[in-house]
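Using the hints, position chains B, C and D with the ligands against chain A.
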Amino acid sequence: MKDTLIFEESREGRRGFTLPAAGISGGAKEDFLPKAYRRSTPAALPELSEVEVVRHFTGLSMKNYGIDLGFYPLGSCTMKYNPKVNEDVVLLPGFAELHPLQTAETAQGTLELLHGLITDLCGITGMRWGTLQPFAGAHGEFTAMKLFRAYFDHRKDDHRKKILIPDSAHGTNPASAHLAGFQVVELPSDPEGYVDLEALEEHLDDTLAGIMLTNPNTLGRFEKDIRLIARKIHQAGGLLYYDGANMNAILGHARPGDMGFDAVHLNIHKTFSTPHGGGGPGSGPVLVGESLEPYLPVPDIRRDGDTFRWASEHRPRSIGRVSGFYGNIAVLLRAVCYLRMMGSEGLKAAGTLAVLNANYLKRHLTSLFDSPDKSLCKHEFVLSAKTWKEKHGITALDIAKALLDRGIHPPTIYFPLTVPEALMIEPTETESRETLDSFVDTLKDILTTAKKDPEALHRAPEKMPVSRIDEVRAAKTPILRWRKER
Amino acid sequence: MKDTLIFEESREGRRGFTLPAAGISGGAKEDFLPKAYRRSTPAALPELSEVEVVRHFTGLSMKNYGIDLGFYPLGSCTMKYNPKVNEDVVLLPGFAELHPLQTAETAQGTLELLHGLITDLCGITGMRWGTLQPFAGAHGEFTAMKLFRAYFDHRKDDHRKKILIPDSAHGTNPASAHLAGFQVVELPSDPEGYVDLEALEEHLDDTLAGIMLTNPNTLGRFEKDIRLIARKIHQAGGLLYYDGANMNAILGHARPGDMGFDAVHLNIHKTFSTPHGGGGPGSGPVLVGESLEPYLPVPDIRRDGDTFRWASEHRPRSIGRVSGFYGNIAVLLRAVCYLRMMGSEGLKAAGTLAVLNANYLKRHLTSLFDSPDKSLCKHEFVLSAKTWKEKHGITALDIAKALLDRGIHPPTIYFPLTVPEALMIEPTETESRETLDSFVDTLKDILTTAKKDPEALHRAPEKMPVSRIDEVRAAKTPILRWRKER
Amino acid sequence: MHPFLPHTDRDIQEMLDFCGLQKPEELFADIPEDVLLKKNLPLADGLSEFEAFRLLEKTAAKNRIESVCFLGCGSYDHIIPRTVNRITSLPQFYTAYTPYQAEMSQGFLQAMFEFQTMICELTSLEVSNASLYDGHTASCEAAVMALQACRDRNKVLYAETLHPFTKQVLRTHFYGTDVVLKEVQAPSGCFSLAALEEELDDDTACFIGQSPNIFGFLEDYTGCAEALHARGAFFIISSNPLSLAVTRSQGEWGADIGIGDTQVFGLPRFFGGPSCGYIAATEKLTRKMPGRIVGQSVDTKGRRAFILTLQAREQHIKRHRATSNICSNQALAALASTVYLSLLGPEGLKETALQNMAAARYLYDRLTALPGITGYAGNPFFNEFTLQLPKPAEQVAAEILKRGILAGVPYKTLDSRGSENLLVVAVTEKRTRDELEAYAEALQEVTA
Amino acid sequence: MHPFLPHTDRDIQEMLDFCGLQKPEELFADIPEDVLLKKNLPLADGLSEFEAFRLLEKTAAKNRIESVCFLGCGSYDHIIPRTVNRITSLPQFYTAYTPYQAEMSQGFLQAMFEFQTMICELTSLEVSNASLYDGHTASCEAAVMALQACRDRNKVLYAETLHPFTKQVLRTHFYGTDVVLKEVQAPSGCFSLAALEEELDDDTACFIGQSPNIFGFLEDYTGCAEALHARGAFFIISSNPLSLAVTRSQGEWGADIGIGDTQVFGLPRFFGGPSCGYIAATEKLTRKMPGRIVGQSVDTKGRRAFILTLQAREQHIKRHRATSNICSNQALAALASTVYLSLLGPEGLKETALQNMAAARYLYDRLTALPGITGYAGNPFFNEFTLQLPKPAEQVAAEILKRGILAGVPYKTLDSRGSENLLVVAVTEKRTRDELEAYAEALQEVTA
Ligand SMILES: Cc1ncc(COP(=O)(O)O)c(C=O)c1O
Ligand SMILES: Cc1ncc(COP(=O)(O)O)c(C=O)c1O
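Protein chains in written order, with my numbering: chain A, 1 to 486; chain B, 1001 to 1486; chain C, 2001 to 2448; chain D, 3001 to 3448.
Pulled out of the complex, with its shape left as it was, chain A reads as follows (with noise of 0.2 Å):
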């Protein structure tokens, strides 16, 4: 395979795409553009024939790997089948072709799909309504944030700025709070990633906004003190927000509404088969209680009778638009089509069997990690590598590169950050019982090259198109885009 980039393939005067020719004789010139409004130096784009373009990117897709190649246990990323129809509704011209200004009168099949998500949305978190315009995770913690401000300023209560987030959260969390304009005060957990309930205690006060929780948590265990935090940071006059991550573990058996739940963030990239395409585009939607629903953010889509429209008029107190249209529409239309297709039952069952799935990893993997752990987990859990460093100087990146080699994405390694040399396993319910005997066997296998071997760890990967990268020197001298001087 060439490893070369598409700018090193081009040579001038190759095209891979042609136009009509011009329907405006003559018209296709400069000449329109005052000089002064005009590019002066052109922007160095390769040159390359259709095939050159397609191998080029065939090509790279073989040196990546994906779900469709195998098992994915990325803990915290809930790496589930991606159903192929779901790729073919959203080419759908009616879809596809359909313009964010266009109408409402003209949009009718796509407003009655999203306002039918949105009602099925809070019917699996128990809540009231909500907004699909957040495009990720992230972007939905960040809404979230707006509207618990909007919730105090409307109350006078503009001196609460407070959020509590465990240390185990997810990084945007804190992130998020911070620049929506909260202060962030980390909160201590148990080892097993429980809140710290004293040291919770010590924080409400006025100040308080509110919390940011997962549940089950970042270690995979369900909070079972949820009611009791809901009820106190209540009565401190705080609002709680669900960062539904982690909601696969309990679709169909608990939702965040009914644990106290005032605002929650689903990604609909994990716990709703969208695929997550190299990164993104994933959504982000959030959906409230009552208490915040007066603030969230407009166009709304409301039913009248079997007509939809866009409203902004009922939300006087809205904090406005997040996105610049309404969201990541083709990824909101594939959880539509997972939805249907799984309906209640099926969606409860996918729940159990992540939860199945964990749990019979867990009690595999334990014992070959730490004393052996029997409690009960929820979709993921959390082994530490700490005595594989300590005997045998194998870290929990040694481990997941000598995966690599071995033809299976890694987990998540060093995260939470409360847990040294993490490894976050999350199997997700489309994984069969042979892809995780198949996982333990493999780890067990590099458990005993890492006694007998431990270079060979060190060495790993061999396999792939590259070995270990130097981070430390992508960082330190970066090197960002190519230039043709090198």
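Just so you know, these hints were derived from the structure itself, not from any lab. There could be a bad hint or two in this list.
Stated by the list, open to error - Partial list, derived from the structure: chain D residues whose beta carbon lies under 8 Å from chain B:
#1 M3001
#2 P3006
#3 D3009
#4 E3049
#5 R3086
#6 S3089
Claimed, not checked - With a straight-line Cα cutoff of 20 Å, these simulated DMTMM-like cross-link-like pairs (lysine to aspartate or glutamate) come out:
#7 A:K484 to D:E3126
#8 B:K1002 to B:E1462
#9 C:K2402 to C:E2066
#10 A:K348 to A:D258
#11 B:K1035 to C:D2220
#12 B:K1224 to B:D1190
#13 B:K1484 to C:D2220
#14 A:K374 to D:E3014
#15 A:K444 to A:E434
#16 B:K1463 to A:D405
#17 D:K3350 to A:E12
#18 C:K2288 to C:E2126
#19 C:K2318 to B:E1186
To be verified - Label pairs and their computed distance ranges (CB to CB):
#20 B:F1032 to C:T2286: 34 to 40 Å
#21 A:P420 to B:T1004: 34 to 40 Å
#22 A:E201 to D:Q3148: 30 to 36 Å
None of the values given here were measured: they were computed from a predicted structure. Yeah, the Cβ is synthetic: ideal placement off N, Cα and C, and Gly gets one too.
For chains B, C and D with the ligands alone, coordinates are given in the frame of chain A:
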């Protein structure tokens, strides 16, 4: 990557696809079927979930090579780029969902295109009319032979059973002629593959049915005496058939009709860019001159003003139907799109550049294999590794296998049978000069290794999922299906 | 520059220079003057991708596609899992050539080995190949196999209830050879052993039957294999392979060769093609098989590996003595069917077959209860049946089409000698109850 | 069994056994009784793939898609090469997660490095990231960058001619913070340096302009960079990147940050998303960049390799002190744009841009020649312009829609305070001359 067969991945009770609930309540029973008509042993198909099926076949795709991955200079096969738009065209519901037994009135779009395609192919080959029914090149050959038969029968010349075929011809030529009821006589050819005119002379008697030729010939040379040959055959009462597999060389530059051929088959999956699909589907239309037109297969497509219809009544002497319906329509539609995009100029340019690429490569390569040969070739040329075999024990097969490891599909080897250790190279026009240059470098590198370390080449391939495969064992104790017992 | 032609003007000039040439025309200096084409090809000017697509899109819209389709007779409107096309669209599959270089083609070779296994399973026969052109031409290949297996015979019998197009293809195939084709009468619309025995003699190489037959009815082949084998003739059955999920298979009827078309397994109708012919046979016919066959072997390290095998049968070795002239086959279509069968599995396929059968039965009962409409023959059927209408079927179908329903295939359009009042109706799992009711209503109105 | 759930009943039982459990419910024993959901989720019953697709297909048909579309304002109807979707549909790309494991993700990482390079080239700026959500939110990220780069300032200026939705997103973004947003007036519909200078002070962190602006007109930023830089403020320009093929780029105007949306590069309209935001900046702002950045490095054998870099900016390291909260971005859309740009190349892109410009100019001249219709502002434009109509634009557009033409965006639908007679019209290379003429005719009739 897993190496299991899909049957070995099966687990009882899994399903990869579900149906809508049956609309006919209580209906889905076997009761309708009297016992005597029922199947007794179930077919042991595999049982997998959707993601498992997707992973199985995506995994298999990773063990396969296609044009989209790189150079494919497979002589006689015209492995040119397959434009992506063609794949979308055929999936348009108007094409994909059309039933072959719909009335002509409801199939006007497709009939119009097919009629236009015959017209265009006649223009390209210089023939009068044709049929699109044949499913592949060999099927086209067979069809043409049946036309010959009908022609002679109608002239009561039914003792004419002798078909002349050069010894360098593709194996399908003699096979098709023989299966169509003719007696095959092999014609010797000279070292450049030209017809031996003296030998030809011997066969010009009243048992002669005709000759099957390709021009440029199998060695990539243009048969300069073609008009003379045609005159001789015709004078002897015979007919000429043109194997269109080599048509790419002369697109826009010369036409079989003008050379004197009576029938032509085209390989749509070669000359007209349709994908080869790992062995098919292809398409092998047959175009004919005046003499053979009355015998063309039915149904024919006729145009009446602006409407198109199936017609058979005007062909009382037709040989009948050669395909169940009307051939590989979706393959033909891809060719229609290709021709619309290339147009008259583009097609001619394709011919020119195919020949330019071949001559450029030939210049580079002949000196490596034999005494430098500066004569013109057309779209392809044949090298012989005879000297390499004698001197270094390196065969054409060794060179081919060494190319695999270097990421290039090898040329056709051991064809034509008239050239020892043949390597038949056809670059096609869609390859860039850089690709050709790098192919030359790769071959040079292999030949250097041949001298220094011939064993290394015997060991090749080493980077493929498997090394050389035991062909003899496969044929001696054939295992042609999976069985549970194994 | 054209997007499919990577040559820049400079490339062309430099490459010509290297070849010792000045102008591109010189590349064709070896073509005699009197053959060299001096005018332009009579083709329209080239279009951009966008224009070409638009044009074809508009032309496609001139076809009238109806979502309620009861047409069958060899091409059916089944549900196609979306995954099938996703797999066949993988570039490593669809842009590959025939897997001559086995080490670089293990993916396709293995898939074809799996296809062969599935075909063997469905037909209850031992050997299959990696596809033929279609179900019709498969009958020719099967007959040739039989003829080659008993060299001294030249008679091929076939059932009157064979698809008329298959008969036509057979006639063309053997036209001009010494093979004699003979039709075995089926006056009741179904196979009759007595009629077969009347034609059967020591010149007979084989008998080709079809079940479900062209009228949709399942044939009763009791005693047929015995009768043929006793005379040293081969028994060939062509079957819609979906029916094999529930009905007695070719192997179970004692056939030597099973053929048919896998269009029903995940292939769009495509106005008739590409579909994919299948063929399977008993082990002793292995070396008479036409077309590509994939075999299992080992590589130099003893690992399981797949390769095209038994090539000694094929034309590039055997030349005119090859068992068949077939070279390119329908590999990608066979891959689609392999994916389809993998997704459905045994239970899914059986359920599909049963749904087809139940829906066809339901519609048959509904329609034959209408005044003046009767079923054409008495045998059980799978998902297709034939009605005797009180009016010409073409006329009835045209009327029903006005209601957006493709009512079925008027038998006369297949066979000009057939009765004009026969309509062949196919019902798949895709048809909803509402559609069946709408059909019944329409037929009632039209024939009233 | 459900096709997405591979567990057989036996699997479930054996796995439960292994976990020391009897029933699946026990897996949720840790959920307190008062939280455990006792009823079914209020969702419809599950459908098969076929039914779900049909349902969505029918619903899609309730949208009214017109092939003649003059709508713009941030989403455009351009020609999309068919190859783009073929590449983004490759499973190794679309089913991958963020490339955390670089050795297993070199394909996507390299493609993003190429994307970054292309964005730098187009904007004439030095550093780009691997995408943002969209062009609107990109303005927030850019403003945050500027604010972070001059810690003591809290004022963000933006042009009145910014897309009203961008303004709304900015307002929401900074709501509840101490950042002050201030609009720089553009009474003539175009940027005015004088107006900027009026607002510019030492609290100003940046000014955000847009060119082509919301009315389609190109802004004249002569002197703007100098004015801002003299006050220590950053200059941010949002641009339709297609316009950059011919018009003066952000870098060429002296901007510090260039933003926009690559929807015009190979992305369907999709009712607004996914599209793909881009951001590029001068080198000194590198470590203030939001989102993922791919860098070039070497592996242990010295081979060139790509990896996510400068992660110290990101939330998973910096937590609440990160430069941005962005985690998932629009990678696959960025890949589509990279493929698009690779296919078109510099010449193709320029030709596209010129065709857009010429067609827009032609239509503008045609329409403004009609009685009662005038252009809204005087600056040159790219492929979009605004008309002052004699009637409310919504009414005119509704009338023209009856003729199958989406006439443009009534400005008032973007900004309720806007004049109701303004219509923003976009013309792309996809519009044929006939379509332009038909539009002119329709507008004449409707406004007559
Ligand atoms: C727990 C948690 N919260 C939030 C996020 C952020 O989601 P996104 O990447 O969609 O912005 C993630 C993503 O990894 C996550 O795992
Ligand atoms: C010269 C020649 N003739 C005929 C054929 C047969 O064509 P097909 O494989 O389409 O039957 C081929 C195919 O390789 C060929 O190269």
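How the hints compare with the structure:
no. : hint                           : verdict
1   : M3001                          : holds (5 Å)
2   : P3006                          : holds (4 Å)
3   : D3009                          : holds (7 Å)
4   : E3049                          : holds (7 Å)
5   : R3086                          : holds (5 Å)
6   : S3089                          : violated (10 Å)
7   : A:K484 to D:E3126              : holds (14 Å)
8   : B:K1002 to B:E1462             : holds (18 Å)
9   : C:K2402 to C:E2066             : holds (11 Å)
10  : A:K348 to A:D258               : holds (16 Å)
11  : B:K1035 to C:D2220             : holds (11 Å)
12  : B:K1224 to B:D1190             : holds (13 Å)
13  : B:K1484 to C:D2220             : violated (31 Å)
14  : A:K374 to D:E3014              : holds (16 Å)
15  : A:K444 to A:E434               : holds (15 Å)
16  : B:K1463 to A:D405              : holds (15 Å)
17  : D:K3350 to A:E12               : holds (15 Å)
18  : C:K2288 to C:E2126             : holds (13 Å)
19  : C:K2318 to B:E1186             : holds (13 Å)
20  : B:F1032 to C:T2286: 34 to 40 Å : holds (36 Å)
21  : A:P420 to B:T1004: 34 to 40 Å  : holds (38 Å)
22  : A:E201 to D:Q3148: 30 to 36 Å  : holds (35 Å)
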